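Asks: Those protein sequence lines, which keep their order, are chains A and B. Here this note's numbering is used: the first residue of the first sequence is 1, the next is one more, and so on. Here this note's numbering is used: the first residue of the second sequence is 1, the next is one more, and so on.
Since the hints were derived computationally from the structure, they do not count as laboratory data. Remember, predicted model here, so these are calculated numbers, not experimental data. Some hints here could point you the wrong way.
The list treats identical chains as one, so a pair stands whether inside a single copy or across any two.
Stated by the list, open to error - Mimicking EDC-like on lysine to aspartate or glutamate, the simulated pairs with C-alpha atoms at most 20 Å apart in a straight line are:
1. K7 with E137
2. K254 with D268
3. K50 with E250
2 protein chains.
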Amino acid sequence: MKAITVKQPGGPEQLQISDQPKPEIKSGQLLVKVKAAAINRTDIVSREGKSGYLANPVLGVEVSGIVEEAGENTNIEVGSPIMGLVNGGGYAEYAVIPADRAIIIPKNLSYEEAAAIPEVFLTAFQTLFWLGNLQSEETVLIHAGGSGVGTAAIQLAKQLVNATIITTAGSDKKLEFCRSLGADTCVNYKEQNFDEKVLSVTDNSGADVILDFIGASYWKKNFQSIKVDGRWILIGLLGGAKLEEFNLMEIMAKRIQLKGTLLTPRSDQYKAELTRDFVKKALPLFSIEKLKPVVDHIFSFDEIQEAHRHMESNKNIGKIIVKVD
Amino acid sequence: MKAITVKQPGGPEQLQISDQPKPEIKSGQLLVKVKAAAINRTDIVSREGKSGYLANPVLGVEVSGIVEEAGENTNIEVGSPIMGLVNGGGYAEYAVIPADRAIIIPKNLSYEEAAAIPEVFLTAFQTLFWLGNLQSEETVLIHAGGSGVGTAAIQLAKQLVNATIITTAGSDKKLEFCRSLGADTCVNYKEQNFDEKVLSVTDNSGADVILDFIGASYWKKNFQSIKVDGRWILIGLLGGAKLEEFNLMEIMAKRIQLKGTLLTPRSDQYKAELTRDFVKKALPLFSIEKLKPVVDHIFSFDEIQEAHRHMESNKNIGKIIVKVD
Numbered sequence: 001m002k003a004i005t006v007k008q009p010g011g012p013e014q015l016q017i018s019d020q021p022k023p024e025i026k027s028g029q030l031l032v033k034v035k036a037a038a039i040n041r042t043d044i045v046s047r048e049g050k051s052g053y054l055a056n057p058v059l060g061v062e063v064s065g066i067v068e069e070a071g072e073n074t075n076i077e078v079g080s081p082i083m084g085l086v087n088g089g090g091y092a093e094y095a096v097i098p099a100d101r102a103i104i105i106p107k108n109l110s111y112e113e114a115a116a117i118p119e120v121f122l123t124a125f126q127t128l129f130w131l132g133n134l135q136s137e138e139t140v141l142i143h144a145g146g147s148g149v150g151t152a153a154i155q156l157a158k159q160l161v162n163a164t165i166i167t168t169a170g171s172d173k174k175l176e177f178c179r180s181l182g183a184d185t186c187v188n189y190k191e192q193n194f195d196e197k198v199l200s201v202t203d204n205s206g207a208d209v210i211l212d213f214i215g216a217s218y219w220k221k222n223f224q225s226i227k228v229d230g231r232w233i234l235i236g237l238l239g240g241a242k243l244e245e246f247n248l249m250e251i252m253a254k255r256i257q258l259k260g261t262l263l264t265p266r267s268d269q270y271k272a273e274l275t276r277d278f279v280k281k282a283l284p285l286f287s288i289e290k291l292k293p294v295v296d297h298i299f300s301f302d303e304i305q306e307a308h309r310h311m312e313s314n315k316n317i318g319k320i321i322v323k324v325d
Numbered sequence: 001m002k003a004i005t006v007k008q009p010g011g012p013e014q015l016q017i018s019d020q021p022k023p024e025i026k027s028g029q030l031l032v033k034v035k036a037a038a039i040n041r042t043d044i045v046s047r048e049g050k051s052g053y054l055a056n057p058v059l060g061v062e063v064s065g066i067v068e069e070a071g072e073n074t075n076i077e078v079g080s081p082i083m084g085l086v087n088g089g090g091y092a093e094y095a096v097i098p099a100d101r102a103i104i105i106p107k108n109l110s111y112e113e114a115a116a117i118p119e120v121f122l123t124a125f126q127t128l129f130w131l132g133n134l135q136s137e138e139t140v141l142i143h144a145g146g147s148g149v150g151t152a153a154i155q156l157a158k159q160l161v162n163a164t165i166i167t168t169a170g171s172d173k174k175l176e177f178c179r180s181l182g183a184d185t186c187v188n189y190k191e192q193n194f195d196e197k198v199l200s201v202t203d204n205s206g207a208d209v210i211l212d213f214i215g216a217s218y219w220k221k222n223f224q225s226i227k228v229d230g231r232w233i234l235i236g237l238l239g240g241a242k243l244e245e246f247n248l249m250e251i252m253a254k255r256i257q258l259k260g261t262l263l264t265p266r267s268d269q270y271k272a273e274l275t276r277d278f279v280k281k282a283l284p285l286f287s288i289e290k291l292k293p294v295v296d297h298i299f300s301f302d303e304i305q306e307a308h309r310h311m312e313s314n315k316n317i318g319k320i321i322v323k324v325d
């Protein structure tokens with residue numbers, strides 16, 4: 001089968017279409033004829049040879065497609081349209097998915113739209129609710145509002161618990177789109193200090209939850225922005241990892257909960273439980289269009305290098321999709 | 001009435017017995033004839049004028065005694081023996097306690113023993129279970145095992161969820177006592193690197209939960225000691241607050257949950273809910289002596305300066321009590 005692999009760890013130019021053996025399934029797994037795959041930052045880390053936790057030489061951690069073959073101990077029928085997280089191997093004609101992570105695609109969605117759902121909606125769901133414990137009517141600060149996880153988080157926070165949402169992005173076009181998804185306060189970080197805005201719209205009390213993709217460069221402003229007893233979820237380090245000074249008294253005095261997380265390296269069991277909870281609480285809202293996958297651009301399979309370059313340019317709003325079949 | 005107040009912010013020599021007005025109760029409160037009060041580190045911070053969150057000029061955040069008067073909307077009878085957290089004012093002949101924080105003293109305990117329970121057992125209960133989410137059979141690293149909170153945490157972790165307990169202390173006498181309370185592995189931090197011991201007894205996986213009273217000076221070793229997905233609860237800074245460098249990638253890669261907490265400044269509602277949960281899950285174990293208050297020394301009311309000096313010398317195992325009546 002055709003699949004995308006990496007010649008040498010490095011830039012997008014290292015991505016190639018190669019011929020790989022069609023994968024075989026074990027008990028509890030499904031073989032999927034892939035229709036579409038989505039690009040994620042973790043794929044870039046893998047392409048650069050820096051991830052260390054995916055054994056599969058084929059990139060890609062999420063797909064949509066049709067079940068071609070079902071192993072023992074699975075309860076999804078051959079022919080079903082599904083989407084979900086895979087343990088690598090998503091950029092390919094066929095992929096293996098654990099059956100307890102496969103999600104039946106709502107009828108109103110195309111395969112390209114479906115491929116835009118699993119990674120970002122599950123990540124946003126996990127960070128907002130499992131780690132952030134976001135409660136009804138609380139305030140959440142979502143950075144990188146135009147990103148894949150950002151656009152998913154804005155929708156989930158509004159539709160599931162009616163949170164007050166403050167988001168940041170670097171262009172007015174992105175912010176306008178964030179507002180259309182449900183963001184209440186939109187801050188262009190190039191024009192305004194977001195911490196001042198957070199304090200002004202929360203009567204100086206701050207945000208209950210912060211989704212932080214940025215890390216070091218936003219640290220002090222995030223600290224100013226968080227409420228006493230706030231939950232600060234660290235899911236990316238686009239602004240660097242190293243703080244030159246860290247005062248633990250600040251963590252104690254504000255009783256902050258700082259939680260680092262990554263979804264891809266987590267266990268199969270964790271992903272299955274997360275998928276189950278997501279299917280129960282969020283999936284029905286896709287059918288009635290309260291939640292919508294956000295597709296920025298669809299590339300063909302042989303445009304994989306351009307797809308990666310597009311993500312690295314940070315200009316996308318929502319997901320970048322590769323059409324496989 | 002007689003009460004302990006502070007002449008000038010400073011050392012133990014600033015503590016004095018003074019005459020203060022007998023407090024008056026409002027709806028939802030009880031007036032307690034105090035039999036015993038306990039010394040806490042937060043009292044030292046208050047004595048030094050550094051706390052900022054207690055308005056009462058009389059020190060002391062926990063008492064045992066007899067209900068002398070009950071306000072409206074309370075359901076504890078006059079004459080009941082109770083213990084619990086007060087909002088300051090504990091070192092006195094009479095103290096006010098919100099009724100929903102008063103705990104009926106089990107019949108087998110003296111007032112001095114009862115005064116040794118609320119602050120340390122509620123703090124340990126909160127950190128282990130509400131914040132640390134310690135689960136059955138998990139491993140917990142409890143620093144300062146001979147301290148008030150340490151001795152309470154060892155007992156709660158063993159009796160409530162049968163955790164594997166690793167504890168540190170600075171003398172073999174303290175460690176021997178920790179073992180008698182249920183600690184499985186006892187490390188004298190003056191003789192051995194505790195992180196090496198934690199890794200060796202956990203097959204290199206580390207501890208699920210860390211109770212950290214120390215902060216900066218133990219930071220790197222605690223980081224080595226914590227398991228992936230571990231919960232690191234920061235409840236004291238005896239080893240300093242400032243880290244010179246902090247790498248957020250470490251927090252993400254290990255998916256650590258770092259949670260700062262303090263009990264005294266929390267809301268009345270929080271303390272009431274915590275007390276309710278503690279009474280339900282832990283209090284019955286005091287009656288059957290599965291849990292025991294640990295009293296290091298009982299001082300008389302006019303020995304208050306010595307009582308503070310004793311705590312500051314760090315030689316106590318368990319609680320330091322002041323007998324009021």
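Asks: The structure should be examined with respect to each hint, and the outcome stated for every one.
Replies: Quick rundown of the hints versus the structure:
no. : hint           : in the structure
1   : K7 with E137   : neither (49 Å within a copy, 46 Å between copies)
2   : K254 with D268 : between (35 Å within a copy, 17 Å between copies)
3   : K50 with E250  : between (33 Å within a copy, 15 Å between copies)
This entry does not satisfy hint 1, going by the numbered hints stated previously; all others are met.
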